[in-house]
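K.L.:
Residues per chain, in single letters:
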Amino acid sequence: MTTITVQNVWKEYGERVVLESLNIEILPHAFVALVGPSGCGKTTFLRMLMSMERPTRGKILVDGEPLPPEPTAERGVVFQRYSVFPHLTVLGNVVLGQEFSGSRITGRLFGTAKRRAVDAARDIIKAVGLGEAEKKYPAQLSGGMQQRLALAQALIKRPKILLLDEPFGALDPGIRGDIHELMLKLWLETEMTVVMVTHDLPEAFRLGTRVIAFERTPRATIEPHRFGAVITHDIEVWPPKPTPSAAARNWIAHPSDRDVPMAPSIGRDAPAFVSTETVAS
Amino acid sequence: MRILNRQPDPVTRVLLPVLPFVLAVAAYAIASSARLAVNPDDKLLPGATSLLDALQRFAFSPDRRTGDYLMLDDTIASLERLLSGLAISTVIAGVVGIAVGMIPYLRTLMASILAAISLIPPLAILPIIFIAVGLGEAAKITLIVVGTAPFLLRDLAMRVQELPSEEMIKAQTLGATTWQIALRIVVPQMLPRLIDSVRLSLGSAWLFLISAEAIAAENGLGYRIFLVRRYFAMDVILPYVAWITFLAFLLDYLLRAAQRAAFPWFAMGRGR
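Top line first, the protein sequences correspond to chains A and B.
Counted from 1, the first sequence has number 145 at position 145 by the working numbering; the numbering is strictly sequential.
Counted from 1, the second sequence has number 204 at position 204 by the working numbering; the numbering is strictly sequential.
Keep in mind that the hints were calculated from the coordinates and are not lab data.
The C-beta atom is built at its ideal place from N, Cα and C for all residues, glycine as well.
Some hints could be false.
In silico SDA-like pairs for lysine to any residue, Cα to Cα no more than 20 Å straight-line [unchecked claim]: (1) K114(A) - L183(B); (2) K157(A) - T177(B); (3) K135(A) - L91(A); (4) K157(A) - E167(B); (5) K136(A) - P188(B); (6) K136(A) - R270(B); (7) K135(A) - F263(B); (8) K135(A) - D155(B); (9) K135(A) - R260(B); (10) K114(A) - G175(B); (11) K126(A) - R158(A); (12) K135(A) - G175(B).
Facing chain A, from chain B, some residues (calculated, C-beta under 8 Å) [to be verified]: (13) P164; (14) E166; (15) L174; (16) A176; (17) Q180; (18) L183; (19) R184; (20) I185; (21) P188; (22) A262; (23) W265; (24) M268.
Here chain A stands alone, though its shape is the one from the complex (with noise of 0.2 Å):
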């Protein structure tokens, strides 16, 4: 159970002000969605929580201690691309994460602490309905499947935060529809508290709990540049997610097959829609 408090956050580069006096406290076991056009500081707030970037001024908090300088396993990420190994199998993937706790001179295991971390691995990789693909490269997965074997691999570590930069932005509708189904699930089976960009309103409201937009609104016609991005909505989303229906926890078991191979989406940075019946507030 992990609360984020971020106090009084500004974000420069150099004279630009990216992001200016956020406050926000994050409770334990949100899911928060971060929205907003391109360029308003959203990914640059969800790097500065992964440690990839300092605030220039201002504190971030999680449980009370300040964020460490650099990422830990406490937080777990999954990025739009590159977020696996090319070189690990979909079994490698997942298991490296014990490797590295387990020996730290060879972050290899050997023996019946390897099995035990394949079978600890296994489980997970089943869970996101790759168990058929555990000796692929990822390379051979389509999108969809590489997305599910990120999150298994990030899960594993049980990290106590999640954040996720975009993560089904480049996969085709449908099966994005079946991840958001797999997302929900992992996240109410555990108690970790997400924090996720995305572009897609519709899937802001549909995985969170609570959607913040970011933006960056004209205050002054001189140096423009000196004014970054606010919080101009903070959203409860209601009614507060419901447990995973019959029907996701079989399709999770059933994985169907229409994950195809990743395509470039199209048109991303077009206005979202916002469906009416899932903002109810």
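Position chain B against the provided structure of chain A, taking the given hints into account.
P.N.:
Chain B only, in chain A's frame:
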């Protein structure tokens, strides 16, 4: 139909690549027989019989003085030098290149000096090598190392930096230390790329090998062709050049085959 849309049919696809070779051999045969018709003792373009005769003498019969098969001895001597030189270069490049590519402090420390070193023409420091390590095997191997290591090293350091930063972050979120990232993420992904760079370095490695052998050696393929040059022995030089070319091709082929066999994921990632 536009010429850029025309595709050779399967038979042409097999025959067409052979054609330039056939033409080259035919042109040589015509020129050679024309010269030999004027002067039967012509040495510049020896005919097939004298080429085969020279090959017979150097490759398939023992030397009258020493009892050795000269071409075999030369090949072994040259390959030993070439492969030791390349092996040393590869190890240096692997260790230093990956460290420099991964660690910002090392990169800042080494980038300029490495750029400067790589600009020194290796043949220009050949005299220094001869003075420092003598005229023996060490000098020839050192020249190959000096000639190929800087390129391999800088190339590999750049390849390391080309790895997506997402991979480095992801590894850290899986709890990896710098050492573990090097061992499990960077080195395995660099090995096939290192093979590619070594393949590209083969040409210059041969260049430095033959130069060193031409200047100071008692055997070796380069030594032999420069030795018989004194007697205008084109009948020896041409088979040797063909043999050297074949060896170079063979090394390249073996490296590519090893890369495919050992790193199947690498070819997949490149969409082949």
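K.L.:
Please name the hints from earlier in the document that this structure breaks, with their numbers sorted from lowest to highest.
P.N.:
The structure breaks hints 8, 12 and 22; every other hint is satisfied.
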